[in-house]
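Visitor: Chains as they are written, first to last, in our numbering: chain H, 31 to 280; chain X, 58 to 383; chain A, 174 to 460; chain C, 3 to 399.
Please note that the accuracy of each hint is not assured.
Only part of the chain A face toward chain C is listed, based on derived beta-carbon distances under 8 Å [stated by the list, open to error]:
#, residue
1, 179
2, 181
3, 302
4, 350
5, 437
Because the hints were derived from the structure by calculation, they are not lab data. Glycine included, each C-beta is placed from N, C-alpha and C at the ideal position.
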Amino acid sequence: MADAMLETIGLSRRFGGLAAVQDVSLAIERGVVHAIVGPNGAGKTTLINLLSGDLKPSAGMVRYKGRDITAWPAHKVAHLGIGRSYQKTNIFRDHSAFENCRLAAQARLPGAFDMLRPARSRADVLSRARQALEQCGLADRAQRRAVDMSYGEQRQLELAMLLASEPELLLLDEPLAGMGPEESARVIDLLKRLAATHTLVMIEHDMDAVFAVAERITVMVNGSVLASDTPAAIRANKAVQEAYLGEAVS
Amino acid sequence: MPSYSRVTLVLLALGFAALALFPLVGETFYIRFFTKIMIYALFAMSLDLLVGYAGLVSLGHAAFFGVATYTVAGFIDKLGIADGFLILPAALAVAAICAAVIGWISIRTTGVYFIMITLALAQMLYYFFNDQLYWGGTDGMNISAKPLLALGGFTLVDLSNRVQFYYTALACLVTAFVMLSVLLRSPFGHALVGIRANEGRMRSLGYDVQRYKLVAFVVAGALAGLAGFLESSRATFATPAYLGWHESGHALMIVILGGMGTLYGPILGAFVLLLMEDYFATLTERWLLIEGLFVMAVALLMPEGLAGLPRRIAALRRRAPENGDG
Amino acid sequence: MSYFLIQTLNGVQYGFLLFLVASGLTLIFGIMGVINLAHGAFYMVGAYLAWWLAEKTGSLFLAVLMALPVTVLLGLVIERFGIRYLYKRDHLYQVLFTYGLILVLNEAQRVLFGNDVHGVPAPAWLAGTIRLSEAQTYPVYRLFISVTCVGVAAALYLLIQRTRLGMVIRAGATHRDMVAALGFDIARLFMIVFGLGAALAAFAGMIAAPANTVYPGMGDQILILSFVVVVIGGIGSIKGAFAGAMLVGVADTFGRVLLPQGAGVTVYAVMALVLLWRPQGLFGRTA
Amino acid sequence: MQRNRRTFLKQAGAGAAVLAAASALPTRFAVAQKAKLKLGLMLPYTGTYAALGHNITDAMNLRLAEAGNKLGGREYEIVKLDDESAPPKGKDNAARLLVRDKCDLLIGTVHSGVAIAMAQVAKEENKFLVIPNAGAVQLTRQNCSPKLFRTSFSNWQPAYPSGDVALKDGHKTAVIMTWKYPAGFESAGGFKDSFVKGGGKIIKEILPDFPSVEFQAGLTEIASLKPDCVYVFFAGAGALKFMKDYEAAGLKASIQLYGPGFLTDGVYKQAGSAAEGIKTTLHYADDLDTPVNKKFRAAFKKATTREADVYAVQGYDTGTFLIQGLDAVKGDISAEKPLIKAWEGVKIDSPRGIFTLSWSHEPIQDIYLRQIYSGDEKLLGVAHKALADSGSGCVMA
């Protein structure tokens, strides 16, 4: 078994009286594609937000490579090499696709705070951005304004930005949401390729996609972890079948 | 991010050239008046960095302008030091430090909070000078001399000479323009614009958003300090009104009238607004009524300001035939 | 009554007045997301109307009754022909528009009522005083202001928490689209709220007129103080406005007594401290 | 005759915003106005002090009209400019009048901060400045100048006699309450000078920040200190509110209130019973029983339908001052030495009584004691005869 890259211990988050995430202890292993599934309102996105630093936990701990990063602000978490994408497309609408990726690529490189040299003269940043666009099949869309792109393209841009910042660990919140079958296939392909070199945590509703790429699956219900195991074991798990997969698998 | 079209660049060059030539033909009073306009343009430009690029709507920017004027007054009339090479950095530093403290408190908040907090904290500085008899209180204080810009007994620039002062102000304006252009083209500048567009996303990409904002706030504060240094040297006067929120509102007006998010907008805005105020005042005693209505109209009808007019007109033209066809 | 107690009374009473002005500001912001710099100008409009009508009718209460609809109408007109177009824009434009509005209202006041300073007599039955100490008495009218403020606070609370309009207002504050989808006329709702906010500020000006004086530009100072109150309390929170107003009133009073050198700065220092502790204000929602 | 900048600009055909037109203005103007004297009148016509600006202007025009609208036999023209009581604009406005409009002489203003700015511009441009109101002491002390004259008062002046008055009334202890701003301090200083010299004791100085009108905390302090009397300096809205609060706090009956005339002038009618009994000192009293005053008040009322006040008197005297000086040099304002000499030697038979100028160019004048009595301001007598400001720190050079 590989070592745990990201670990949560008793992680909880309450919103007023509602426990959105409750006592979640997970170990994400290095190099593994780890899917988180569960019905709407199960607390999946909240969990991602807790991992990425967008939300602070009410209780519990997050460890990355053995280091306690609980309640670290999002930008510091990002600097560790944990990147995330959003379920609801979250891009710079008035920027070109290229500039979207360029900003992402610049973020973690030294010299992001440079006030003198032109941003567009940074060869390392530019090539990263270009590469990311290519990987996501958006090379020919580089100069298009993000807001003018199709929905599917915007979803891919969301991924491209993530890649441009070259994280080790990717937190993907429904990367396939709202995509047509063709686009989905392309992205699943991309995710498989990424899996070779990255650790992936993804929330996804598309069960075919989940079983196609995931090596581990965590099932969440009502903020708690119901089961966390290999896809085969999850498929066989009675409790999961009853609680969630029942209709989906049959 | 300023990436100017060729037409804009040519117009800019022409504009600056016209300003450079003006003292050759202009009459004394207008040299003085244009100097003032350029100083206010510089001030508004510094505010534009916050409002137009970083998305930080500050309603307390005049405070940094004002503390610089009192720094000049303090050096010359309280300490008896007239060395401009000492006063200038000190004025910039005082403005920057005030901006750092006010910024540090303010940038924890966003939106309306930010507007209100910058306003209130700036008022605090206003009342400080307003209440201290040592600084002349409400009367303000005359500054008995102009800062001396001399090296080894040789006067580099004689600020008491109106034409030389004019060119000093112009040089400062151009320098600030170039400096900000460079800044906005840099990774830092791009990040600022990104923060304005989508702060949360920038954070999750790994940008320390607060730090960027604070640095922008301090840079803008220091530039406002430069404008304050120039204005107090020009007018040889310091008054609490320089720090008041009406001055901040006025600067905001210049920025929006000219066109925020363009560095030349504030210059355009300063010339148009100050000359227009000058003209309104000759029309009627009730000129503030006209100005108020004008301000409201600009807010409603010209969100992109003068700089955005060509684009708007072009857009209208494009739309008109379509409508005709339909 | 001891010296300390009397000073506390002064501070609390001042706080009540500040609350009355600030509540309208926080209401408009909390529900409509609009920053209204002209709030102080509405306060001034109220004071001038109260003075002018009281002078004409000889009764302050009659004046208030007549002036209130006028100020509501003023609010409605300004919303309909100005503010309405700025909801979706950056706050910047609201700042600019209402800044222009201040200039216009200030100048209109001068054209209509001139530059003189005026006093408004309190109604005879409230004109008395109460003895507080051997040397000092306290005007009954000031106590009346406090009672009125409590009344307004209670009425606002009931309106917002207990009535159908209040329910829609509260829902509109957080879920504008949802309320619209449910068939409520959001545009009309906002118009009403803006009118109500403007009238609250004007009402404060009317009620305070006999205890204060009526003079040109009187709205400027009260505006900044209202901002401080609202920011301390948490924008959009009536409860917060109340707490903020009390804090500012008491801090200002004791600042004058205990720290006369820095009296002008006390309230701002208090504000800065509160914000360092809670950037969203005492009762503000976390962003 | 009088022209304001509106007509001036219209004639010049100016869209002043246009650069070309702007630079064309001065030449046209110089040709058209060669023979006339140009007086630059810089006063507030908008804002808090607008009423003062209007009274000064109207009374001055009244006086000049009485003299046949000629100064030293010369036609004149007045260029009016609203200073908005805005210090940041003070220098530019003064420069506009002196540099662009080429006025021969500058007159103004009400706000001390603006006047201080004007004084410096006048000095730089080497032009005369006549101040018809602003009372900042520095204008005729450390900032005095041979070409600067004041026809009104210094803040110290009307206040100084009030200390003696309080002592004479049998008071031994006093609390001073004034806005924390220069005019308040200078006025309080005047009271202190004479009160302490005569053996009185100042228990405490309460200084609310300008222009706050929240006085309750201070009043409670006064009530607990129980001084024999209180000296205050507030004006306009602040004065009105203070008097009402002072009465409502129950202090009026037990602790006598003193102040300079600005405390009650213009607002005592509004204050009603709250002003009753307050004693003030000033260089003027409405009911001065002299022919000059009566005639002036009637004429001013007729011309403007308003009642004259101390500001109108100052404007009127500014007119007399101009007439006497320029008559002496036959309208030749370039004859600076004789003109200064003439102005230094003026003897003005003013509605406020006859006054002359001190060596620091400040009126040497009688200060009157007045009291509000049965809703009217009554003259009680002269509090100090021919009082002159010390002019300390003034070096005429």
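Visitor: Determine for every hint whether it applies to the structure shown.
Guide: Evaluation of the provided hints:
1. 179: holds, 5 Å
2. 181: Since the shortest Cβ distance to chain C is 10 Å, the answer is violated.
3. 302: Residue 302 (chain A) check passes; min Cβ-Cβ to chain C is 6 Å, inside 8 Å.
4. 350: violated, 44 Å
5. 437: Cβ of residue 437 (chain A) sits 4 Å from chain C, so the hint holds.
When each numbered hint is compared with the structure, violations occur for hints 2, 4.
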